[in-house]
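Peer 1: Sequence:
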Amino acid sequence: MKIQAVKGTRDFYPPQMAVRNYIQDGWKAASKRNGFEEYDGPIFEYLKMYQVKSGDEIVEQLFNFTDRGDRHLAIRPEITPTLARMVNQQINTLPRPIKWFSMPRLCRAERPQKGRLREFFQWNVDVIGIDDILADAEVIFTTIDYLRSAGLGPDDIKAKISSRRMLAAFLVGAGIAADKLDTIYPVLDKKPKLPPAAFNEMLLKVVSDENLVLKINDFMECDKLSDDDEWVDISDEVVAAYKELDDLFGLLRKMGVGDYCVYDPTIVRGLAYYTGPVFEVHDVKGELRAVCGGGRYDNLLKDFGGPAVSATGMGMADAVLEILLSERGLIDKIPATKSLDYFVAYTDSHLLQNAIELTAKIRESAKPDKTQNAEFSYKKGSFGKLLKQASAVNASKCIILAQEYIDKKELIIKDMQSGDQQSLTERDFLENL
RNA sequence: GUGGAUGUAGCUCAGUUGGCUAGAGCACCAGAUUGUGAUUCUGGGGGCCGCGGGUUCAAGUCCCGUCUUCCACCCCA
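Its first residue numbered -2, the first sequence is counted upward by one per residue in the working numbering.
Treat the hints with caution; some may be incorrect.
For each label pair, taking beta carbons as the anchor points, the in silico distance ranges come out as [unchecked claim]: (1) Glu227 with Lys45: 39 to 47 Å; (2) Gly326 with Val49: 41 to 49 Å; (3) Thr90 with Gly326: 46 to 54 Å; (4) Glu401 with Ile40: 53 to 61 Å; (5) Lys385 with Lys187: 55 to 63 Å; (6) Ser336 with Thr422: 25 to 33 Å; (7) Lys364 with Thr63: 47 to 55 Å; (8) Gly283 with Thr63: 36 to 44 Å; (9) Lys358 with Ser336: 19 to 27 Å; (10) Gly302 with Lys221: 13 to 21 Å; (11) Lys364 with Leu178: 57 to 65 Å; (12) Ser205 with Pro12: 50 to 58 Å.
Straight-line C-alpha distance at most 35 Å; calculated DSBU-like pairs for lysine-lysine [what the hints assert, rightly or not]: (13) Lys251 with Lys282; (14) Lys385 with Lys358; (15) Lys202 with Lys190; (16) Lys299 with Lys335; (17) Lys299 with Lys394; (18) Lys50 with Lys190; (19) Lys190 with Lys4; (20) Lys29 with Lys282; (21) Lys394 with Lys25; (22) Lys394 with Lys358; (23) Lys335 with Lys187; (24) Lys240 with Lys251; (25) Lys45 with Lys187; (26) Lys155 with Lys177; (27) Lys376 with Lys299; (28) Lys25 with Lys111.
The hints are simulated quantities; they were obtained by calculation from the structure and are not laboratory data.
The C-beta atom is built at its ideal place from N, Cα and C for all residues, glycine as well.
From just these sequences and the hints, can you work out the full model?
Peer 2: Now the structure itself:
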């Protein structure tokens, strides 16, 4: 019986695994450069954990099951609830700021499409316990720091930044009841995707006031952050939120990533839990869905039964990122084939035992800080074939055991690139490894 | 969940109005080549033609269903 891979999943053969490792190594390195520590949690949690913020409709969109103890469980579709749970459990003893990152494998039961799979990896970076725009700046910087290190420049990607706090203050200042905001956000989030007329119609349905529709359009079409704009003076809260956002841009410029950052009020994010700055990174051409998204979520820990602790963070999935890197030719150079430091060959099959012994000694000399690998051939072919095999496995050096080895324990070391050969006694060779 | 496209060797694909034993290139394995490799030449292994049903003397080819993949919508944590 032939069994296929499940819909929306990927098989990582060595070449694909090399790409995945390249991406994840980059995530990890950027996290560590910026002072984040790695954490992880279980791959499944109680189903109700994901219903806390998203309601029952979320159940259809995740893989859930009942275990033999009749527990209703779900494979994690995101790691933020796990993070909230873990932090809440130890909130009194964890030193602040809590700067953690993770690269969880996540599953969502959605229809696959471009840049969207049912199983993927998502880099998460969060700063918890700091109610300061500095933390937001650092999360955004870390995100850009990684993308920059992967080879993406300000002409390739932009971090579009806006403020949920400012948007909320503006809407309330314009006359919208605070308890209606959650129904308006998902509509505003669609503005970039809809033709103006359709958007206005949708918006009118939730605000029921044509003047408000115009005002909101004005606010969302403003692409420069400036306190000259008439909407800034609506209320003290708008002024405060404006100043905060302005400070954020100032910090990002100081950090040297100002070129990557633009103000974009159409970045709303559908989710209700954001409370401050929000951002998404997009490809400049606008051909792909968002590379990542994030923002401040000051109420989440409290919603998960913990204390009111502020937090800000970001999530970046591997799917869109890989498409983008690949389109820009940035993952072609990854050595997908295996490489070998030493291939041990011999001219006479009697020397196979010696080759095995020497290979083992080279491997033994490898240290954690100095890895080196060595192989011999399983096949007892002619010397020509062994050399052919050395080429095939990408060996940088081939060690040849020949008559000289029998006579005076001398090895021939052949550089596979240049073809140069030198002789060395086995003892000298092993001592200099 | 809705709609469109798709499926032939490991990969990229060809396969005539339905008609002999389903092909090519690349990849893989082996030999040419028993002390010098990566390019050359020769040979070889690989196919439930996605799966199931139907029409037909005859189906890779036509019809129906189903699954996968891709794309868009819904949703987007």
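Peer 1: Starting from the hint list further up, note which numbers the structure goes against and sort them upward.
Peer 2: 10, 16, 17, 23 and 27
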